[in-house]
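K.L.:
Residues per chain are reported as follows:
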Amino acid sequence: MTRTVLSLRDISVSYGKAEAVRNVSLDISAGSIVTVIGANGAGKSTLLNAAMGVVRGEGRIQFDGADCSDEPVETRVMAGMSLVPERRELFSTMSVEDNLTLGAFRAKVTRGEKADRLARIYDRFKRLGERRHQLAGTLSGGERQMLAMGRALMIEPKLLMLDEPSLGLAPLIVKDIFRIIVELRSTGVSILLVEQNARAALEVADYAYVMETGSVTLEGRAADLIHDRRVVASYLGLREAVPA
Amino acid sequence: MDRRLLGVIAILILFALPSIPGIPPYWITLLNYIGLASIVTMGLVVLTGVGGMTSFGQAAFVGFGAYTTAVLTTHYGFSPWLTLPISLVVTGIAAAILGAVTLRLSGHYLPICTLAWGISLYYLFGNLDFLGRHDGIADIPALAVGGHALIASSEYYYVVAIALVLAAVGTSNLLGSRTGRAIRALKGTARAAESFGINTIRIRLVAFTYAAVLAGLSGWLYAHMQRAVNPTPFGLGASIDYLFMAVIGGASHVGGAILGAGIVIVLKDQLQSLLPRLFETEGNFETIIFGILIIVLLQTLRDGLWPHFARLLPGARRRKSGYAEPLPRRSLPEAGSALLDVTDLRKTFGGLVAVNDINFSLKAGEIVGLIGPNGAGKSTTFNLVTGVLHATSGAVRFAGETISTLSARMIARRGVSRTFQHVKLVPDMSVLENVALGAHLRGEAGAMRGLFRFDRTEEARIFREAEHQLERVGLADLAAKPAGSLALGQQRVLEIARALCLDPVLLLLDEPAAGLRHLEKEALAALLKRLSQEGVAILLVEHDMDFVMGLTNRLVVMDFGTKLAEGPPAEIQANPVVIEAYLGGVA
Amino acid sequence: MDGTIALMLVQDGVTTGAIYALLALAIVLVFTVTRIIFVPQGEFISFGALTLSQLQQGTAPSIVWLLVGFGGLAAIFELVEALRHRRFSAVPRILGWNVGLPVLLAFLAIWLAPLKLGLGVEIVLSLALVAPLGPYLYRIVFQPLAESSVLVLLIAAMAVHVALTGFGLLFFGAEGSRTEAFSDAMFNVGPAMITGQSIAVVAVSFVLMLGLYLIFERTMIGKALRATAVNRLGARLVGISTSLSGRTVFLIAALLGGLSGILIGPLTTVYYDTGFLIGLKGFVAAIIGGLISYPIAAVAAILIGILESISSFWASAFKEVIVFTAIIPFLIWRSLRAGPAEDEE
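Chains as they are written, first to last, in this note's numbering: chain A, 31 to 274; chain D, 5 to 591; chain R, 406 to 750.
If you're looking for bench data, these hints aren't it; they were derived computationally from the structure.
Quick caveat, the model's predicted, so the values are computed rather than measured.
No incorrect hints appear here.
Dumping the calculated EDC-like pairs for lysine to aspartate or glutamate here, alpha-carbon to alpha-carbon at most 20 Å:
1. K485/D - E49/A
2. K724/R - D133/D
3. K533/D - E338/D
4. K191/D - E552/R
5. K724/R - D139/D
Chain A with its partners taken away, still in its complex shape (with noise of 0.2 Å):
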């Protein structure tokens, strides 16, 4: 039985009267990609937002052992958490480098373990590295994703959760996205992975759960829910749905 690194439990969050996302309760082991796909408006950001504490909501969170739900944003991040958001959310008229910088904020480490997370960051993101004095508002679509996910990992976190990763790229950047994504797996980054491309989010996730107008309606091993006749119908295919 692997850890679980973290485990939400009865988790709802209402924007004024309206519920975004109702008692959804979800765990993810260490080491471990897992992966929420459905349909937009489903309330899949909002459970990331809930879960990083960027919005508050009802329900527990537990990560890395220890009850964070009630602590702030900074609280999560200094214990192991990174989101990288829908809308990237970078420093734009800001370099390269002061982003990546930003991203270790929170990291009580030397000045030189800073300096090796950042050549660390170049090496994995070439691009980065020739473009670290460049504005961040000035990179293409591609480079600003893999900016905010460089900026997310300079804290080194135990979780890392990506929405939308692949939102507005070209296939081939995307086919580097989640390459990056299974190497991170292996060095021990459990990954929340929120997808609405959900054939390449299923593909290479470990479990899955499927949210529909705020609810999971659906869970299980990703390698089965690729071949759940419901999944196929309403989120792989063009083809006919086949009534579940």
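Model the placement of chains D and R on the given structure of chain A, informed by the hints.
P.N.:
Just chains D and R, lined up with the frame of chain A:
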């Protein structure tokens, strides 16, 4: 007992107050001040609480009203009653000019600018010779009724009370009218409002001018009550007081204005005598208490005290609208005739090409689906067609006319109606009123007609239409609920009803089926089919393939801003290029 | 107006303009990082000048009561939150910063005031007494409102202004005061006579602006503040807490406000409510800079200083009218650029 009866009783008590034996005259004077302040604060309710604009310059408008009558009555011998309309018009014109300059500015600029010209006007009042500089103008004649001058505060009380009741009734009327709905749509949903043909800049100006005219009225009353004016009560401090009254009372309710004014003035009166004794020195120490009170309120009771007070009152009952003539409908083009033509449409944001030379067309009565992965440029295309965004190059033609240079408002006028990917409703307005917002262009009553309730026939027709569309989409049971309390899927359907209220020729729906359950989706599909048979053309963005395949005549597939393919659903389903792009295979 | 008078007016204008520039800078900084339109800036000006004046007279500064009071309130807010989350280990730190520090400063001020240790010490002491009010104020008033709209924050800022003015009257009284000049040197440069006071003000302003620039370009905390200004959500995601940035910029703003008061003290008589009008002129400059641009705001501030000194010569009664109307042409220009989405019919 309903609210209307309660209102009548409140008015009766208001007018009976001075006749109650034993009431100290000082109380009546205090009540007069509360009345004057309430009138100004009601303007702020419309402007700030409902319209979302903040003004730190209301006291300057009070000054316009007061100085206008002071100058005209003392220098030129005008009768005080004659100066009433003149004072209101002068204040209104001043507000319209200042508003025209500042109201286009976004969010926080407006309050800062009102701050700047509020101070500027204060110093102007105090330095102009014909306004008597800092001494002001004295010996302003009293109001007279049938030769009897209203000098005693217990007599002037009735003038203030009548003005207060008129202002309260007028403000309630205005907020309930076509203009009022538009003002309520300003906060957070201005973009959507433009898409229903609401000229948001003009509506902002209307709200701003209305608030200023109420302030002018209060100023006119003040001048004839004091029979002297000087710049002091028209400075920034007074403006801040008015805003505090609105916040304390509850900035979005007419009743809150009176409650807030009452609390501030009574408290100020008490503190002004208490605090200097406490601190053993002279000065306006009550500001400390007010400052703290406001901060505590903002941190704990953001909506002010009125909602808590109103809970004790009986709820308002919605009167079921009776029979009304249906609104006239526009004639729809013949099914199959060319309607929408998009040629080489392109939109870039900085270096990013969001829509890359797209071409497609739509015939009357056709249902076309726009599909593609997230970020493919579908919503941007919608925004280009509806005029929310303007194309970098290329053209959109609608019924033979180029519309790509027109504003969202003018495109709406031509019968193009839409829903939004991220729902844009006025959350605290009822479902029915939200739907009625869609019929804005089918009415014409302005603020004046709304104020005096000369808009009843038209309002009944608009609400009949709104009820009809709400029934059509199956939300009739929820008509009286606040829109924000609906589930997300229902809110999307509500947007469709609102879009239908425009009587559209072309309907653009952005992910209408998202968040709906199976049966609801079927009902929606049936409704859309019926609409298309009536001759309405529908363009929809949707991710639910099952829904799209069964419903549309044709599909346009987009990826990275470019059109990938176009054709009947069956053909698209088998198209290998589309499958590859849509599935975005990584293997 | 002959050349000598013109030069004198420009010199006066640049001197006050440099102070407005500091204020504009603080306003832009606070707004971009916290979205708060910092109206109470003006009270810090009054507090700075009046505190220095009291120290120069050898009396214990009244500001210590406000300092201890605000610190105590901030401590209560912090303690309630710490205890609710059972973070008992934070208690000593909270008490140290919010109770220990102000009490220590208060004793120091009361002890040092009668000794009249000279301008340098008195200035440092004044700033040390005024600056911590900024972070305390942020903790008490704005941190609980951090997620509110700009308008709510503005109303709160206005309420703080109103309350602080009242406190100013309570603690400093209605009497105004003028502090001693830093320098009574005079320099003849061609036809103009430049006062040492002007040079001191301009130099201090310039050095401070340069210092701030270096902090924002080179230090981690400076970068963190810039990051918060550019993208609040992004900043939160890397662990820069809203409250940390808020307290830091309020510290800087209070410091700049207090210092502006100290700089302007010898130039004009400062009353408990004088600062507000001075602060608003910094505001006008900040608005012309779009509340975003530091350089435009700084240049605008100098121009406003010159405009003010010229109009006080020509039409002194209308000085304020002219200065506050100066933003109108700028606004018209801005609204004309306000995008095609708002075309008229």
